[in-house]
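On the provided structure of chain S, position chain R as indicated by the hints.
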Amino acid sequence: MGSGQDFDDSAALLGQVNQALENATPLRIQGSNSKAFLGRSVAGEVLDTRSHRGIVSYDPTELVITARCGTPLAELSEVLDASQQMLPCEPPAFGENATVGGMIACGLSGPRRPWSGSVRDFILGTRVITGQGKHLRFGGEVMKNVAGYDLSRLMAGSYGALGVVTEVSLKVLPKPRQTLSISLEMDAARALLRLAEWGQQPLPISAACHDGQRLHLRLEGGEGSVAAAHDRLGGERLDSAYWQDLNEHRLSFFDEDLPLWRLSLPHDTPRLPLPGVQLIDWGGAQRWLKSHAEASFIRSVVEKVGGHATCYTPGRTDSPFQPLPDALMRYHRALKQQLDPRGIFNPGRLYAEL
Amino acid sequence: MNILYDERVDGALPDVDKNALLRALQTRLPDLEILHQRETLKPYECDGLSAYRTTPMLVVLPRHIDEVRGVLRLCHERKVPVVARGAGTGLSGGALPLEKGVLLVMARFNNILHIDPAARTARVQPGVRNLAISQAAAPFGLYYAPDPSSQIACSIGGNVAENAGGVHCLKYGLTVHNLLKVDILTVDGEHLTLGSQALDSPGFDLLALFTGSEGMLGVITEVTVKLLPKPQTAKVLLAAFDSVEKAGRAVGDIIAAGIIPGGLEMMDNLAIRAAEDFIHAGYPVDAEAILLCELDGVEADVHDDCDRVRQVLKQAGATEVRQARDEAERVRFWAGRKNAFPAVGRLSPDYYCMDGTIPRRELPGVLRAIAALSTEYGLRVANVFHAGDGNMHPLILFDANQPGELDRAEALGGKILELCVEVGGSITGEHGVGREKINQMCAQFNSDELTVFHAVKAAFDPSGLLNPGKNIPTLHRCAEFGAMHVHMGQLPFPDLERF
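Residue numbers (our numbering), protein chains in the order written: chain S, 1 to 354; chain R, 1001 to 1499.
Hints in this document: simulated from the structure, not taken from any laboratory.
Predicted model only: the values in this text are computed from it and were never measured.
The beta carbon of each residue, even a glycine, is placed where N, CA and C say it ideally should be.
Treat the hints with care, as some may be off.
Residues from chain R that face chain S, not an exhaustive set, calculated with beta carbons under 8 Å [stated by the list, open to error]:
id, residue
1, I1115
2, P1117
3, G1173
4, S1196
5, G1203
6, D1304
7, R1360
No farther apart than 25 Å at their CA atoms in a straight line, the calculated lysine to any residue pairs in the SDA-like style are these [said to hold, decoys possible]:
id, chain 1, residue 1, chain 2, residue 2
8, R, K1018, R, R1073
9, S, K175, R, T1054
10, R, K1226, S, L173
11, R, K1171, S, M86
12, R, K1226, R, A1138
13, R, K1171, S, K290
14, R, K1181, S, P323
15, R, K1230, S, F321
16, R, K1226, S, G306
17, R, K1181, R, A1138
18, R, K1226, S, A196
19, R, K1246, R, L1185
20, R, K1079, R, H1476
21, R, K1171, S, P323
22, S, K304, S, Q338
23, S, K175, R, A1256
24, R, K1230, R, R1073
25, S, K290, S, F321
26, R, K1230, S, A196
27, S, K134, R, R1069
28, S, K304, R, A1256
29, R, K1226, S, P60
30, R, K1181, S, G212
31, R, K1018, R, E1077
32, R, K1079, R, R1038
33, R, K1314, R, R1273
34, R, K1181, R, A1107
35, S, K175, R, A1138
36, R, K1181, S, L328
37, R, K1314, S, E223
38, R, K1079, R, I1115
One chain only, chain S, in its complex shape (with noise of 0.2 Å):
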């Protein structure tokens, strides 16, 4: 297992963030900055994650894998592909030198999330460099753990704010032993309705996206029930690369010249009338859409409906992510407080306030 590169490169890691505690110099933390296009600009001196490299521990029959941050992304899957194992989240990479460390801070989940898990569901435990300028453990690389307070969870999407995540230990699965993709015309009122109605039976739907004309289907599980499913359903094969294109946003949808908005909102949701075009995934609970409209009207729409709104689009508002109540943000600064004192985690890449 692991490349000629793998490399424990922790104790510089940690150096470099005592260093910035001393000084009390802010760190922009980055692996290939595949991601850098999401949150708010960073000032700060770099933080490279890519020295510290390679899968630590993999052991197929116990379904976990524990990866250093700088680990690509790709030698991830590469390593999971040979055991016909997988991270069920699918995480998108944006690039292809994408880390194990941008997976966890962003916490993006792929096609299959609604029916999976997201990356934070598949957390067991890490290895964080906290603000006190420690190298700690939490969680571990068992399914159930409830010991302490949940740090490793607390860390997916969180954009480094929180600490350095040094090493991850993932849970992995199985990987369906049948997979058919199909699509099926309709409009995305209706594959709204038939996806509500589909969510509560035992079908196997592993992906579902709408494209403004036809429904996208995925369907994964044994040889009889996606026969079954694919019976009953009909449809057009469909290539299933289209996933993978879906997920890393090389959709035509994605080329058109207009600011990009990721949509999270309750599956059932309506299609919600706003100028430009959407896409709808995840079964309806993430959309994406391309639009011209202000960030406080497309928010306003979205929160109505009980959703969030982020935006794609670098420097279309000085909040692409969703501002929060004030009560809820008073407990967000104290927890940053708490947890980096100094305020030298990638300060400002959330929120201005973190």
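Quick look at chain R alone, frame taken from chain S:
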């Protein structure tokens, strides 16, 4: 070291004038039911960990969230510790009261607020029983997946506070994987919504942080859970083995075959015989170990998987593989397992249930070490094991009326948990730390890690009034606990195979 709250090592608690507090509560919240007399407080002196009891100063039983807010505000103003409690079925003493604290009973909030079949969600009050959610969702063909053994009695608020598990975790996850949104009141009565009706929410994942936080960061007032469509069918295979090692290896073989069973449970001979005597499930009483493997899903897949698993089990050396012929037999097979704790309880006046987790590959070595400890301490241990996810429940049999036996059981239990940590596991998989495992936390985490936990607590409850003494030990306690153990840089179990 005693686990009851000890101000010397767990931190001083504010002195409260009980009568003044009672009068203030009665004045400010005239409709609030308050228990304050010794005989009415008695039923609340323990939770499911009944060996440890403390009489609370006052018990309050609010019926409206406004009353919960009122209690929290008043207690915050007067610096009174508050311990929240749901159904009181927890096994780690997470709801063990304090003599100087108010016990806040949330059990009366037992309304299911909304079942939304299209959204596949249930919005419920915290006192709703786990099983009641699935029952309410059943007419829509839906259910709530996490199923702790206490599911007929335990409440969802407690499930969230403990991140409860059950027998189907490997495939369907823990409580944390099945939540969308939790509403809480902070220590000073401020309302926060964590998570959302969507699959994620902006900012830090406080929903994950609060799940399993044992009432230390806030009080849960409402929970929105995900519902799943009921699997079309479920089949159970029962396999007998002449050694626990072979049974343990068979578990890995099933996973290696690419199959994730809905449930995968293991019992050793003592547990098998106890369950069989009690339930007459049809277990082979001569087997050294049995595996129960449940496969659920769509009919055709389950049929194929049953064939595959049967093959794997035979190749792994099973002496017998039986498939439940019908639903009645399937339920009987499970009844034996689900009643294993009370069944073992019939063998002995008392038993003490442990909850450690280990990487599955360590199972044979850990079971051998437990057997050796059992001999050393002169107490029988029955083993029940969520084999799929590495969560062990060794049951230590003892008689509290025999002088010294409870202490020996506790000491043996502590050793087992430290053994779990040694092999890379955890002191608790699903029951929580509570007070029960407060000392073993010192074995699992170093002082820097505990300091981070205290920092998290300080962000939400700087005055330390919510459930003081639970979940995270003080460094003082760990220093004293550590002094009782001599590590000298040596592993405590040098004979244990590590591979």
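Cross-check of the supplied hints:
Of the supplied interface hints, the one on I1115(R) is violated, with its beta-carbon coming no nearer than about 12 Å to a beta-carbon of chain S, more than 8 Å. At a threshold of 8 Å, the smallest CB-CB gap from P1117(R) to chain S is about 6 Å, leaving the interface hint in force. Look at G1173(R): its Cβ gets to within about 7 Å of chain S, closer than 8 Å, so that hint holds up. For S1196(R), the shortest C-beta to C-beta distance to chain S is roughly 6 Å, which falls under 8 Å, so the interface hint holds.
A least Cβ separation of about 5 Å between G1203(R) and chain S falls short of the 8 Å threshold, and the interface hint therefore holds. A least Cβ separation of about 6 Å between D1304(R) and chain S falls short of the 8 Å threshold, and the interface hint therefore holds. This hint holds: R1360(R) has a C-beta 6 Å from the nearest C-beta of chain S, less than the 8 Å allowed. Restraint check for K1018(R) and R1073(R): the C-alpha separation of about 16 Å stays at or below 25 Å, so the hint holds.
At most 25 Å may separate the alpha-carbon atoms for a hinted pair to count; K175(S) and T1054(R) exceed this at roughly 51 Å. Between the alpha carbons of K1226(R) and L173(S) the distance comes to roughly 21 Å, so the proposed pair stays at or under 25 Å and holds. Taking the CA atoms of K1171(R) and M86(S), the gap is about 15 Å. The hint holds against a cut of 25 Å. For the hint pairing K1226(R) with A1138(R), the CA-to-CA distance comes to about 13 Å; that is within 25 Å, so the pair holds.
Restraint check: the Cα-Cα separation between K1171(R) and K290(S) comes to about 37 Å, which exceeds 25 Å; the hinted pair is violated. Using a Cα cut-off of 25 Å, the hinted pair K1181(R) and P323(S) holds, with the two alpha carbons roughly 18 Å apart. For the proposed pair K1230(R) and F321(S), the alpha carbon gap of about 36 Å is over 25 Å, so the pair is violated. With a C-alpha separation of about 15 Å, the suggested pairing of K1226(R) with G306(S) holds against the 25 Å cut-off.
Our distance criterion of 25 Å between C-alpha atoms is met by K1181(R) and A1138(R), whose separation comes to about 21 Å. Straight-line distance between C-alpha atoms of K1226(R) and A196(S) comes to about 14 Å, which keeps the hinted pair within the 25 Å bound. This hinted pair does not check out: K1246(R) and L1185(R) have alpha carbons roughly 49 Å apart, beyond 25 Å. This hinted pair checks out: K1079(R) and H1476(R) have alpha carbons roughly 22 Å apart, not beyond 25 Å.
Straight-line distance between C-alpha atoms of K1171(R) and P323(S) comes to about 35 Å, which puts the hinted pair past the 25 Å bound. Distance hint between K304(S) and Q338(S) is unfulfilled; the C-alpha atoms sit about 33 Å from each other, more than 25 Å. Distance hint between K175(S) and A1256(R) is fulfilled; the C-alpha atoms sit about 11 Å from each other, no more than 25 Å. Pair hint K1230(R) plus R1073(R) does not hold up; C-alpha atoms about 42 Å apart against a cutoff of 25 Å.
Annotation: proposed proximity of K290(S) to F321(S) holds, straight-line Cα distance about 16 Å (limit 25 Å). Taking the CA atoms of K1230(R) and A196(S), the gap is near 15 Å; set against the 25 Å cutoff, the hint holds. Using a Cα cut-off of 25 Å, the hinted pair K134(S) and R1069(R) is violated, with the two alpha carbons roughly 38 Å apart. A threshold of 25 Å between alpha carbons decides the hint, and for K304(S) with A1256(R) the separation of about 46 Å lies outside it, so the pair is violated.
Between K1226(R) and P60(S) the CA atoms are separated by roughly 29 Å; this puts the pair beyond 25 Å, and the hint is violated. Restraint check for K1181(R) and G212(S): not satisfied, since their Cα atoms lie roughly 30 Å apart, outside the 25 Å limit. The straight-line distance between the Cα atoms of K1018(R) and E1077(R) is roughly 15 Å, inside the 25 Å bound, and the hint therefore holds. Of the pairs offered as hints, the one joining K1079(R) and R1038(R) holds, with about 23 Å between alpha carbons and a cut-off of 25 Å not exceeded.
A C-alpha spacing of about 23 Å is found between K1314(R) and R1273(R), which places the hinted pair at or below 25 Å, so the restraint holds. Proposed proximity of K1181(R) and A1107(R) is supported: the alpha carbons are some 19 Å apart, at most 25 Å. Straight-line distance between C-alpha atoms of K175(S) and A1138(R) comes to about 30 Å, which puts the hinted pair past the 25 Å bound. The suggested pairing of K1181(R) with L328(S) holds, with an alpha-carbon distance near 14 Å, which does not exceed 25 Å.
Only pairs whose Cα atoms come within 25 Å are accepted, and K1314(R) paired with E223(S) is accepted, the gap being roughly 23 Å. A distance of roughly 39 Å separates the Cα atoms of K1079(R) and I1115(R); the hinted pair therefore is violated under the 25 Å criterion.
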